[in-house]
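Protein chains: 2
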Amino acid sequence: MTGKTRQGRSHVVIIGGGFGGLACARELGNRDVDVTLIDRRNHNLFQPLLYQVATAALSPADIAEPIRRTLGRYRNVKVLLGEVHGVDAASRTVSFDGGRWISYDYLVIATGSEYNYFGHEDWRPLAPGLKTIHEARLLRQRLLLAFEKAERSTDREEQKALLTSVVIGGGPTGVEMAGAISELGQAVLKQDFRQIDASLFRVLLVEAGPKLLAAFPETLTDYAKNTLENMGVQIRLGASVSQISPNAVQIGEKSVRAGCIVWAAGIRPSPAAQWLGLETVARGRIPVDMHLSVVDCPDVYALGDTSQFLDEHGKPVPALAQVAKQQGRYLGRSLLKRMAGEAEVKPFRFHNRGNTAVIGRHAAVFDFGRWQMKGRLAWFLWAVVHVLLLVNFEKRILVSLQWMWRYLTHNIGARLIDENTRNIPATTDIQETLR
Amino acid sequence: MTGKTRQGRSHVVIIGGGFGGLACARELGNRDVDVTLIDRRNHNLFQPLLYQVATAALSPADIAEPIRRTLGRYRNVKVLLGEVHGVDAASRTVSFDGGRWISYDYLVIATGSEYNYFGHEDWRPLAPGLKTIHEARLLRQRLLLAFEKAERSTDREEQKALLTSVVIGGGPTGVEMAGAISELGQAVLKQDFRQIDASLFRVLLVEAGPKLLAAFPETLTDYAKNTLENMGVQIRLGASVSQISPNAVQIGEKSVRAGCIVWAAGIRPSPAAQWLGLETVARGRIPVDMHLSVVDCPDVYALGDTSQFLDEHGKPVPALAQVAKQQGRYLGRSLLKRMAGEAEVKPFRFHNRGNTAVIGRHAAVFDFGRWQMKGRLAWFLWAVVHVLLLVNFEKRILVSLQWMWRYLTHNIGARLIDENTRNIPATTDIQETLR
Numbered sequence: 001m002t003g004k005t006r007q008g009r010s011h012v013v014i015i016g017g018g019f020g021g022l023a024c025a026r027e028l029g030n031r032d033v034d035v036t037l038i039d040r041r042n043h044n045l046f047q048p049l050l051y052q053v054a055t056a057a058l059s060p061a062d063i064a065e066p067i068r069r070t071l072g073r074y075r076n077v078k079v080l081l082g083e084v085h086g087v088d089a090a091s092r093t094v095s096f097d098g099g100r101w102i103s104y105d106y107l108v109i110a111t112g113s114e115y116n117y118f119g120h121e122d123w124r125p126l127a128p129g130l131k132t133i134h135e136a137r138l139l140r141q142r143l144l145l146a147f148e149k150a151e152r153s154t155d156r157e158e159q160k161a162l163l164t165s166v167v168i169g170g171g172p173t174g175v176e177m178a179g180a181i182s183e184l185g186q187a188v189l190k191q192d193f194r195q196i197d198a199s200l201f202r203v204l205l206v207e208a209g210p211k212l213l214a215a216f217p218e219t220l221t222d223y224a225k226n227t228l229e230n231m232g233v234q235i236r237l238g239a240s241v242s243q244i245s246p247n248a249v250q251i252g253e254k255s256v257r258a259g260c261i262v263w264a265a266g267i268r269p270s271p272a273a274q275w276l277g278l279e280t281v282a283r284g285r286i287p288v289d290m291h292l293s294v295v296d297c298p299d300v301y302a303l304g305d306t307s308q309f310l311d312e313h314g315k316p317v318p319a320l321a322q323v324a325k326q327q328g329r330y331l332g333r334s335l336l337k338r339m340a341g342e343a344e345v346k347p348f349r350f351h352n353r354g355n356t357a358v359i360g361r362h363a364a365v366f367d368f369g370r371w372q373m374k375g376r377l378a379w380f381l382w383a384v385v386h387v388l389l390l391v392n393f394e395k396r397i398l399v400s401l402q403w404m405w406r407y408l409t410h411n412i413g414a415r416l417i418d419e420n421t422r423n424i425p426a427t428t429d430i431q432e433t434l435r
Numbered sequence: 001m002t003g004k005t006r007q008g009r010s011h012v013v014i015i016g017g018g019f020g021g022l023a024c025a026r027e028l029g030n031r032d033v034d035v036t037l038i039d040r041r042n043h044n045l046f047q048p049l050l051y052q053v054a055t056a057a058l059s060p061a062d063i064a065e066p067i068r069r070t071l072g073r074y075r076n077v078k079v080l081l082g083e084v085h086g087v088d089a090a091s092r093t094v095s096f097d098g099g100r101w102i103s104y105d106y107l108v109i110a111t112g113s114e115y116n117y118f119g120h121e122d123w124r125p126l127a128p129g130l131k132t133i134h135e136a137r138l139l140r141q142r143l144l145l146a147f148e149k150a151e152r153s154t155d156r157e158e159q160k161a162l163l164t165s166v167v168i169g170g171g172p173t174g175v176e177m178a179g180a181i182s183e184l185g186q187a188v189l190k191q192d193f194r195q196i197d198a199s200l201f202r203v204l205l206v207e208a209g210p211k212l213l214a215a216f217p218e219t220l221t222d223y224a225k226n227t228l229e230n231m232g233v234q235i236r237l238g239a240s241v242s243q244i245s246p247n248a249v250q251i252g253e254k255s256v257r258a259g260c261i262v263w264a265a266g267i268r269p270s271p272a273a274q275w276l277g278l279e280t281v282a283r284g285r286i287p288v289d290m291h292l293s294v295v296d297c298p299d300v301y302a303l304g305d306t307s308q309f310l311d312e313h314g315k316p317v318p319a320l321a322q323v324a325k326q327q328g329r330y331l332g333r334s335l336l337k338r339m340a341g342e343a344e345v346k347p348f349r350f351h352n353r354g355n356t357a358v359i360g361r362h363a364a365v366f367d368f369g370r371w372q373m374k375g376r377l378a379w380f381l382w383a384v385v386h387v388l389l390l391v392n393f394e395k396r397i398l399v400s401l402q403w404m405w406r407y408l409t410h411n412i413g414a415r416l417i418d419e420n421t422r423n424i425p426a427t428t429d430i431q432e433t434l435r
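These protein sequence lines are chains A and B, in that order. Residue 193 in UniProt numbering sits at position 193 of the first sequence, and the numbers go up by one each step. Residue 15 in UniProt numbering sits at position 15 of the second sequence, and the numbers go up by one each step.
Excised from the complex, chain A in its bound form (with noise of 0.2 Å):
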């Protein structure tokens, strides 16, 4: 596999195929430059309707298209499939899969981030988090299996531990899937469960801040509170998780039993500073300036969750996708310009286009920074705007009208528990699938 440049024209290598990688591929795409994108999944993610796949209410492939789909017209662009594991700046070679490499004139790092589990690794298996396909099946069929547990169990303390479902984390994601969750079991279980008390269901959201969706202003905050706790979700404020065993949580002192574990506690850049040896910031963010360069590495760039990016008032862009798209779309755009030897060129600056959360069926906040919404109104904005995206980003109007179809008849789409992990999974086979 070589990456150097063929008729002289400049060799640029995105590692990533997230928001942020794709729209500086796109970008790219069909002009005098060679590109190649590099994941080590085949398909990128809609990622913020991944909690409903863990949920049953959408298939896995509604959100998600092959990379080599997304970027099939853009004949410039190849993809490769691989794991990178290093970047060498001097001689401008990337290595992934072991052994392989690739050189590059122009880098673009956009390796997004991973679930923090803060130094309790053991903790990764017991309590997926949220970032890919296989942790939303993964989720999906315990939540599920669950269930089904609890519908032959004969011992009313297990079937209430079965029916209990934990998400710690108060963000966005926790939210989300603590009303999604909530939403399921009064969907599925009255109707299709005949053993099952469904007065023994509850989801438990545990935050260890003193609010949730710390990132909103607090009318919104106070709204979402009350509207989970209206739809039967237990909320735990200042409350921290001190330990997870596979069907328990030790909540303060408190140890809870479980059927199902969700960890969305917060996020750390994936390891690509590492590669670079960088000096990081911000819990191992790679900083770059304010043209999304990386400090010290020349022709190498670094965008998104695994960046850090200070706006022109010093403060940090929050890790949300439209800001990796935002930065990725820019880069393709300053990359073209400095190539055809554009001496300045503009830095980088976000755009807020809001800040949503969905806390269930017919209830969404949004936050525009100057003016703010909540309810009815904004959970149809917030439906619409994911209609929106979706259709851009699959090009598959049907699926966005089932999906919305689905998602308004209440229909839950997806109960699929597969063969393969009617038993929960053993360790190994889950660290194995997150790595």
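Just so you know, these hints were derived from the structure itself, not from any lab. Since no wrong hints were added, every one of them can be taken at face value.
Across the chosen pairs, the derived CB separations fall in these ranges: (1) B/Ala-208 to A/Val-385: 54 to 60 Å; (2) B/Ala-208 to A/Gln-243: 54 to 60 Å; (3) B/Gln-234 to A/Arg-349: 57 to 63 Å.
These numbers were taken from a predicted model, which means no experiment stands behind them. Quick reminder that beta carbons are idealized off the backbone N, C-alpha and C, glycines included.
Start from chain A and add chain B according to the hints.
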């Protein structure tokens, strides 16, 4: 778990939630009887389209529905997720999941069939069949991974091997898989890959017998053969497979390296007969009389692939979904009659709705016994029939439309490689999942 009858009502236990078991349960739904349906999976599968999951045209959830939802509206029907391992006709109990048991007044065995490796169980993980979602997903991932590896390979011989698929068995499933794989390759290799020489892509269809689709009349089998060959499928008739290794198949004298190996070479009944300690017929099938009643087992009935029913001419009915469906419906009705004390119940008669196999887009064959059909019109009829069956199966019109849409527009829908199978799973892994 007790199966004792409530309010003196009879308790019917149905083992298996396939076409037959569900049809039977539906007939008994909301009638004056208690019903328990046991299946080791939580979903029922529209197997006629499973090959499209294996070839990335459909998502698993598109053709699978939670049994609980299918039967949710029948308040007298209970669904149990469990794996049956014994039947005691004397005490009228069914034991499942080791230790658990349930008692019945009437027992319906609808456990279907599995792929037969004719004594080579070690081939099962190397050449998966096409009976479960997991197998379909596995095949899909092997196919797509082989393409990805070929894209990265610089060794032409290795590329050729990775781009070779071998389908073993020339029945409907084998023909459908061979056609669909060849269409998938032609659809994606040229457009989405950069390094691959698409001319290296090939599909081998191996049949030990003298012709494809042996159950169909000459005219149709010839048509199928010619059509497949025009699609670029290489057909080996009268060729037997003597050995399968992880990446190669021994066909007669010749060893063929392959990136994906599919097994479609015949089925065998479920081990249900052994539970009953019965004298079996026709390679392990349960002999039943004209009323589907198991010989020498009072109040035990068997239907579909796992049973052997002889029609009025003494000819065994074929192992088809429509047979199981008709027998299930018949059995439900006749059980109600027996409980109502009706003296004599009419024997089961099979009504042939036509036997079909799809070869590729715009090509299918239909055999209605008296007359046949092939080509574009047959394909169109096949597509319409399956959309209707799917709608009826799923009660989800949009899914069916979406499928039709994708199928007609050649839009490859679900080209996902799970993170957890980037490397082909270890034998043990698959063994476990196919249990």
